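Enquirer: Chains as they are written, first to last, in the working numbering: chain B, 1 to 296; chain E, 297 to 498.
It is worth saying that the hints were derived from the structure and are not from the lab. Note that the structure is predicted; figures quoted are calculated from it, not measured. Backbone N, C-alpha and C define an ideal beta-carbon position, used for all residues, glycine too. Just to be clear, a hint being listed does not mean it is correct.
Unchecked claim - Reference excerpt, derived from the structure (chain B facing chain E, CB under 7 angstroms, subset only):
1) Ile25
2) Asp47
3) Ser95
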Amino acid sequence: MDFLRPASWEEALAAKAEHPTAVPIAGGTDVMVEINFDHRRPEYLLDLNRIGELSEWEVGEESVRLGASVPYTQIMENLRGELPGLALASHTVASPQIRNRGGVGGNLGTASPAGDAHPALLAAGAEVEVESVRGSRLIPIDEFYTGVKRNALAADELIRAVHVKKADGPQQYSKVGTRNAMVIAVCAFGLALHPRTRTVRTGIGSAAPTPVRAKTAEDFLNAALEEGGFWDNGKIITPSVAKQFADLCSAACNPIDDVRGTASYRRHAVGIMARRTLTWTWESYRGTAAATEGVA
Amino acid sequence: MRVNFTVNGRPQEADDVWEGESLLYVLRERLGLPGSKNACEQGECGSCTVRLDGVPVCSCLVAAGQVEGREVVTVEGLADFAKQRAEHGGCATGACGSAEKAGTSLDAAKQWAAKGHDSQTGEGVELSPIQEAFIDAGAVQCGFCTPGLLVAADEMLERNPNPSDADIREALSGNLCRCTGYEKIMDAVRLAAARQSAPEGV
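Excised from the complex, chain B in its bound form:
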């Protein structure tokens, strides 16, 4: 095994071009587990810790350009206003020690369906900025996940940043597990209201081979909200609409039975989380929210 320590982003891209099998390591919270357990013996480890700009973020007009290695702790502490859904999701990641090291780039690189950031990114709307010596490109988040632990990255590409749309309305995130810390999601759900475009977006984690949006449910809800004039009259969501939305979110799942839960439990729980997060965000939108923060 070789340990590559590029001192700059350009050097890292050159190293990845020269050694396409090199495994990038930043926070190490996924990669080191595999190495410690002898599940993986990469030929090259490509350390990204020296590249300072990966740990920086820029708040723009429309979106936040979030460096791939910005630790979850920083997202929670500094970007709660701009990226509330992702900040809530970050707070559910493992433990303080892990949140101090891990970042969204690692979640995207590993592309596990259980990655905590994915539902929040799908709901907010995001693009993944990837780069190689051949150039840079933006991959829409909906096209990024291609299979179980597979993503749209080419062998010579590295994740530079993720561009996440700044919140223009309330966002929520919910995760099912046996306790509040140190759990891999049994399933998770992210929801964002986008009053500017009068749309609702969703993200489902751990309930399909990849993180997915519940697009049929979104379409149904968008039409129902428009038809009832809800965005303008600020009425409570009709229970039958919320139920239909929840059922369609359950139907968007394609889960498996595993040690953490059964497929039918996951479908059920996603429906419950969909209804709850819709209620929380909508109450917040109506301006009557009591306490909708920090429920995970």
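Keeping the supplied structure of chain B fixed, place chain E upon it in accordance with the hints.
Expert: Positioned in the frame of chain B, the structure of chain E alone reads:
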């Protein structure tokens, strides 16, 4: 490969380090610092918690090569770290609001040794307030989780001198204990916080 970094204020050099090796392995097996415990090797238990450039991390998930040139504080150096922090008004490395370079000079480190105190192994050094509190509150049973809890709790009290119970639970949520049931550990951290805010009163 060779890795140069600072541990508990002293420059260290680890040789023949395997590229896939963890910081935890280097500390325990190459530098003779077994205070950080090796348990789950997957970041679940927190017993290997150390400070990396001041930030609490699971040393089992840091690749040895990633610590090149950086600063690590282990439980062995915690008492000395806490002492320096008290002397520097809340900043153990002296880096906060001071031009002084972070870390400790070799000369200063030798002086500690000359006094029969060893900040490297922790032997002969007066205990830190959090260590005292763990003993006084009976928060140590088998002791395996203790080093990680001490490092995590100490860092929380540095950031948050008056933590609520929820703050303590959250800060220690990445550290598993299978003996005490956590209540004594909660007592210990509350005790350390109380002593910290009213040092004369206790």
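Enquirer: State for each hint whether it applies.
Expert: Okay, the hints, checked on the actual structure:
no.: 1; hint: Ile25; in the structure: holds, 6 angstroms
no.: 2; hint: Asp47; in the structure: holds, 5 angstroms
no.: 3; hint: Ser95; in the structure: holds, 2 angstroms
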